[in-house]
Each structure stands twice: as C-alpha cells, then as structure tokens.
Amino acid sequence: MECSLDDVCNRCKKEPCLVVSRKDHFCAACFKKFLCTKQRKQMQDEKFKVKFGNSRAERPRVLLPLSYGSSSLALFDMVISHLEEQCQNERAVQGYVLVVLHVGEDTARMELLRRKYSHVLEKVEVEFVTVDPAVFVRDLAKVAVTEEYAVRRTENSESLSLQELLLQFESRSSRQDFWQQAVQEVVFRSAVAQSCSVVIFGHSMSRLAEETLALTVKGRGSETAHRLTDGNMDYVGGALHVIRPLRDVLASEIKAYVRFCGLQEMVATEASVKHKSAKNKTVNELVREYFETVESEYPEVISTVVKIGTKLDSPQGAAQQCILCHEAIYRDPKTWLEQMSESANKQAQSDVPLCYGCLVDVGVGGGAVWPVRRPSKEEILAEYILDNEI
Amino acid sequence: MCERCEASKAVMRRPKNLQKLCKECFFHVFETEIHLTIEKEKLFYPGEKVAIGASGGKDSTVLASILKTLNERYNYRVHLVLLSIDEGIVGYRDDSLATVKRNQQQYEMPLEIVSYKDLYNWTMDEIVSCSGMKSSCTYCGVLRRQALDRGAMKLGINHVVTGHNADDMAETVLMNLLRGDTARLESSTNITTKSTGSPIKRSKPFKYCYQKEIVLYAHYKKLDYFSTECTYAPEAFRGTARVLMKNLESVRPSCILDIIYSGEHFKLKQRKKRPGPQKPAIQGQETEIRSDGSVSLQNDGNRCEKCGYLSTNKICKACLLLQGLESSRAKLAIAAEAVPKVEEDQLQHRLQHLSF
Numbered sequence: 001m002e003c004s005l006d007d008v009c010n011r012c013k014k015e016p017c018l019v020v021s022r023k024d025h026f027c028a029a030c031f032k033k034f035l036c037t038k039q040r041k042q043m044q045d046e047k048f049k050v051k052f053g054n055s056r057a058e059r060p061r062v063l064l065p066l067s068y069g070s071s072s073l074a075l076f077d078m079v080i081s082h083l084e085e086q087c088q089n090e091r092a093v094q095g096y097v098l099v100v101l102h103v104g105e106d107t108a109r110m111e112l113l114r115r116k117y118s119h120v121l122e123k124v125e126v127e128f129v130t131v132d133p134a135v136f137v138r139d140l141a142k143v144a145v146t147e148e149y150a151v152r153r154t155e156n157s158e159s160l161s162l163q164e165l166l167l168q169f170e171s172r173s174s175r176q177d178f179w180q181q182a183v184q185e186v187v188f189r190s191a192v193a194q195s196c197s198v199v200i201f202g203h204s205m206s207r208l209a210e211e212t213l214a215l216t217v218k219g220r221g222s223e224t225a226h227r228l229t230d231g232n233m234d235y236v237g238g239a240l241h242v243i244r245p246l247r248d249v250l251a252s253e254i255k256a257y258v259r260f261c262g263l264q265e266m267v268a269t270e271a272s273v274k275h276k277s278a279k280n281k282t283v284n285e286l287v288r289e290y291f292e293t294v295e296s297e298y299p300e301v302i303s304t305v306v307k308i309g310t311k312l313d314s315p316q317g318a319a320q321q322c323i324l325c326h327e328a329i330y331r332d333p334k335t336w337l338e339q340m341s342e343s344a345n346k347q348a349q350s351d352v353p354l355c356y357g358c359l360v361d362v363g364v365g366g367g368a369v370w371p372v373r374r375p376s377k378e379e380i381l382a383e384y385i386l387d388n389e390i
Numbered sequence: 001m002c003e004r005c006e007a008s009k010a011v012m013r014r015p016k017n018l019q020k021l022c023k024e025c026f027f028h029v030f031e032t033e034i035h036l037t038i039e040k041e042k043l044f045y046p047g048e049k050v051a052i053g054a055s056g057g058k059d060s061t062v063l064a065s066i067l068k069t070l071n072e073r074y075n076y077r078v079h080l081v082l083l084s085i086d087e088g089i090v091g092y093r094d095d096s097l098a099t100v101k102r103n104q105q106q107y108e109m110p111l112e113i114v115s116y117k118d119l120y121n122w123t124m125d126e127i128v129s130c131s132g133m134k135s136s137c138t139y140c141g142v143l144r145r146q147a148l149d150r151g152a153m154k155l156g157i158n159h160v161v162t163g164h165n166a167d168d169m170a171e172t173v174l175m176n177l178l179r180g181d182t183a184r185l186e187s188s189t190n191i192t193t194k195s196t197g198s199p200i201k202r203s204k205p206f207k208y209c210y211q212k213e214i215v216l217y218a219h220y221k222k223l224d225y226f227s228t229e230c231t232y233a234p235e236a237f238r239g240t241a242r243v244l245m246k247n248l249e250s251v252r253p254s255c256i257l258d259i260i261y262s263g264e265h266f267k268l269k270q271r272k273k274r275p276g277p278q279k280p281a282i283q284g285q286e287t288e289i290r291s292d293g294s295v296s297l298q299n300d301g302n303r304c305e306k307c308g309y310l311s312t313n314k315i316c317k318a319c320l321l322l323q324g325l326e327s328s329r330a331k332l333a334i335a336a337e338a339v340p341k342v343e344e345d346q347l348q349h350r351l352q353h354l355s356f
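Here the protein sequences line up with chains A and B, keeping their order. Per UniProt numbering, the first sequence starts with residue 1, numbered consecutively. Per UniProt numbering, the second sequence starts with residue 1, numbered consecutively.
Worth flagging that the hints you see were computed from the coordinates, not collected in a lab. Some hints here could point you the wrong way.
[What the hints assert, rightly or not] Only some residues are given here: those of chain B computed to face chain A with a beta carbon under 8 Å:
no., residue
1, Thr37
2, Thr182
3, Phe237
4, Thr240
5, Leu268
Glycine is no exception: its CB is placed at the ideal position from the N, C-alpha and C atoms.
Same shape as in the complex, but just chain A (with noise of 0.2 Å):
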C-alpha cells in the first residue's frame, strides 16, 4: 500500500502519493475522494438526493449504525460529507436525515465525535442515539437439544443479563455468533423505534467476504442472500432498506482513509487476536486471518467471495422459523442428522423449530435461555427506552 516519496498522485498530477491502491497511486484527497464516490454509488438512489422546497416531509430516515469500528467511521464521515455537499445550495434542503446509533454504553466516544465534526453539526440534520444491548433481554425461555435432537422449549423464572446469557455458550465463537445476532436485532428494532425506512451498514468488502464464508461454516449458508445481499427485508410487519455502501471498498483501504481523516483516535480497537492459539479463536476471526494471509498473494480472492455471494438467493419452499434467530428453516436439521446417525430416534419430536446453525450453537445435549419471540411492532414503539440526546 505504501509508496515512494517522489511518486505522484495519478489523478490530480499535483500532490504527492501517499497510498497504492488497486495498482493506482492516490494523493489523501483524491484517495478520500474516491472512496466516497463508491459510497454515493450505492446511495444513489432518488430517495437520498437532495430535496427543494417543500418536500421535506418525503425525506427517508437513515440509521446508521456506529459500532467504532473503522468502516462503520469511515461511513458516518462519507455520509456526513455527502450531506454537507447535498446543503451547499442555499435553498436545497438535505435528502435525507441520519440518525447515528450506537449499540452500547460508550457515550463518551460519541460526545468526542460530535465535537470533532461540530463545524458541520451546525449545518445538516443529524441525531445522536445511544442504546443499551440490555433491551435485547425479554422474553427469555430455555430451550434445550435432546441427544435425538429434538427441541424442548421449558420455562424459565431467572433473570439474566445479557452478558449471563451469552456466558451460557462455552465456545467463544457460539457467543460471538449470538452477541453479533442480538446487536443486530437491536438495531433494527431501534430503526423501527426511530422510524427509519433505510439502515446503512459500514460493512467493508473484506467483512461481507469474510460472512459469506463464515456463514457457511456455521452452517448458516442458506442465510447468505437474507443476511448480506442489499435491498428490501420485512421486518415486524413493515419493509427495511438495508444498503451496505462500503461493499465496493476493501478493509485495507478503509484504513488508510481513516488515517487521513484523523478519525484514529476515534476507532475502538479490538484486542489483537494474533497471539491467541487458533482453538481461542471465533470462525470469523480464522477466517478474517485467512483472507488476510492469502491477499497479498491471491488479490481476487476477497471480491470473488463477496461476487458469489450477491449471486446467492433464498432457496425455495415454505419455511418456519428459527426461534432463536428468527432466520428461515428449509431442511428440518433433526431429519437432516438422522439420516447419517445409527441410533436415531425419529419418534421424538420437536416442541419448537430450531435452525441448524444454533442447534450447533446450543449443542446436542445442551440448553441455553435466550429471548425467544421477537417483539410486534407496537411493543417496540412502546417499550424501548432510546436515550434520545439530539
């Protein structure tokens, strides 16, 4: 990624380069520049440009949310600048509202943010919302894989937090796979509780390749096209427009536009996992690893993953649902292990329909309580505290 120091930019012909990116050297402006055209790419649609008059009212709600994570920055400083762009026209009116959502319980790193970019806060509509991942927590039940695999679904009186729920799993990568699952559910219960029509998720190209094969290996690989392919999905009731504008940009690059944005300090940095043992490690840290050993040697890799996954659709047929992850079942995955297990036991049933995936998670003989019914619309709108700070 490096280059030398009497390179030039290519694109202004002026500035020094300062990154080598796909065989093409940049200067930061032109860098930034490009990048963020890919991002305008995929928001191009009609509904995010910019308005006049009196059509404020059609203007769509976007949540955007920030996890400070690297991508998830790099978007909210692309979408910013798009928005001041889209404000430069004194009677324009911004296309669309953002509204940032964090996740979590680091309010501090967001009042850093607002401060950094305040000169532009002033300018555009941009909300702030903090939410605690505890809201995730209701409704909890056990539900428990028999040797025969069967579901049972048992009460449960406890009260547990969430991290008492997820301490339940004892592979680190079962207890990654559902904290990521319950974040991800809360932000779209917050999009419906902050009446966002579009979700933007700063997922990198690197990340999405890195899912596609991660989900395979756990066994999720009829999710892919649900779970990673842009564009509508119900939700409670209602449509969601999820849109990954970062799908077009690798995690190396984003780095480098991170570090000339000056957003480092901002970045919440996860604990190295290089010196872990591999047996420590979650699948979607092996197989981040994986993509970025082989790179350097084989560039394609990481685009032909994510190309394969656009072309993955919903395989057909009625389906249920999980009731842990409320992803769609298309092969029962207790019919599916029998046929390949010599003391099975057909005659014992399931009370409810469990995934493959969690089955694995939840482990054959295992049990865990976790939130099993996903929340109506109304009780949403109702229940969910948002420390609503705009």
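The hints should help you fit chain B onto chain A, whose structure is shown.
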C-alpha cells in the same frame, strides 16, 4: 466402558460426536450409517454392476471393504468391480497399484486398470516434465474423470462409486466459494452426479463420513492400504483452504458437516434473460455457428469432435489439454535428442529423491 454396549472396554472417542465406543460397536455404527445413506439415497438396485474407483488409498480401500461387507449383510445383490487408474507416476502410483492388486485378492473382486498411457499416450510424469508441477492437478483431474468413465464403459458398467468423504466435500464447497465457481456451487454436495447425456453416474457413499473415522476404521480392521501422498504436491491455493479447514475444525468440530449442510442449501439466483431477437426456428435446418466462426456438424452439440466424449465445447477439456501438451512435446524433442525422454524422466525422478 463403551457407551453403547456398556459391556466392553471403550477404545476410542468417536470423532463425529465424541461418544466413547469399543471396537465392535464402532464397526457396527460406522457400517450401519453408510448403509443408511445407501438406503436413503437408493444408490443401488439389485443386479447392478458397480465399479469402485480404487486408488489403493485409505478411502477407496475402506469403501471396497465396507461395500463387500454390506452387500453380503444386507443382500444388495450388486456386483462389485475394482476400477483403477494408472496415471503413470513412478514411485507413487506403481506402489499403490500393488496395494489394489492385493485388495483384489483379499476381497475377491475383479480388477480393471486403465492407464493414461494407453488412453492418452501420456503418463503424468511426462506431463509434469513438460508443463511443470504447478498445473499437475488440473491435468490429472480432467484426465482421471474421463479415464474412470472410459474404464467403466469398457466393463459395461454404468455406476462408479468413489471414496470421497465429508472432508473432501466440505473442502470442495469452500473451494467453489473461493474460486467463485457458479457452475459447480449448487451441485457439488450432491451424493450422485450424472452429466446429461452420459450413461455413467457417480456416487459418493462416504459423503457424510469423517476422514478421521475412515482412518480409524482402516486402522482397527487392519486394512491393507497405501498411505503415501502423491509425488506432485497439491495445488498451492487448495493447500491454503485445507489449513483453514483444519483450524476451523479445532474451534468447531462439527464444521465439516456444517459446511455440507450449507452447501446443500446453495441456490443461485435465476439469471435474468434478455429478450433477444426471436427468429422462428426452421426444424432440421438449424446450424450452430460458433464464436470462432466454425460450424457445428453434430446436432446434439455436446460431444467432443476429437474423441466423442461428452463436452459442452467443440473439443473436450481433456483433448484441449492434450493438444497443448503435444505442441510443447514437439519443441522438447529437439532439445531432448541427447537424452531420450524416458531416461530423462527417470533421471529427474532419481534426482528428486536424492538425499544426502
């Protein structure tokens, strides 16, 4: 104690579910599970002649042994034949074929050996010396597929079973994703595959069997198999996927089956068809004009014009690869005048195996 019979001493933890089992129970469970797969998928019909693709390695040796056992136990009434391919790799295939020949005696099955040399007039050793180690697996894979079909056809057999196990299947699913191979993505986890127009079907009774269990079965049954890796290293990129699988298995032991479960669900989006200009087709007068300007002479259009083997293109992949080889062989012949080709190959092999 064995968790199943609770009578004998457990000797192993079953890799699939970590159940503690005695030797006899493991044999029973492993064999029955393969029988279940065969039953469920209706792999055989009574009186069917089935060729076992036998390399002498652990998978195919266990396959031959188990199919013989199950055929007798459950009375499938199938006729089993061993079919081996001699790729012509000195120091590897010649030794493994010796194993197959012993298996032939042990299992009392007829054996047919088809060699690359007879079919294509090339041995793998010659191909590698000509085109290098890097693409060896490409050549070998394409040629072997055809050789197996041709061998089966020669024996009047329409069904070839191979020893591909769950680990192989999972690796293929990952490789298809990593290579973006849409043509193979949907069908790579099928237990039985058959090309359109081909009389020969292939199936993989070990689709759900862990490689580790196959090794354990061979070990406890004291089966006679050949365990040396091919002289030509596997393709480097596949190697990276293998390492990833190993690491994944250590954090998620079920990942092999999980990947197969995912693979069975992969479905590609329907391609949007562009409405092109539609001309009324006049029957019997249709002539296909290919992109290179040549005209197809055959109406079904799916046969290789050179060898008659199934092919979507004018010339099948095997003929195409061989054509490329032939052109480079001609060049080599001038340089190799001093040392005859065969001697050169042998010399090269000896050099490879030299140790100090």
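Hint by hint, here is what the structure shows:
This hint holds: Thr37/B has a C-beta 6 Å from the nearest C-beta of chain A, less than the 8 Å allowed. With 8 Å as the threshold, the beta carbon of Thr182/B comes within range of chain A, its nearest partner Cβ sitting at about 6 Å, so the hint holds. Taken as an interface hint, Phe237/B checks out: its beta carbon lies about 6 Å from the nearest beta carbon of chain A, inside 8 Å. A distance limit of 8 Å between C-beta atoms decides the matter here; for Thr240/B the minimum to chain A is near 5 Å, and the interface restraint holds.
At a threshold of 8 Å, the smallest CB-CB gap from Leu268/B to chain A is about 5 Å, leaving the interface hint in force.
The structure fails none of the hints (numbered hints given earlier).
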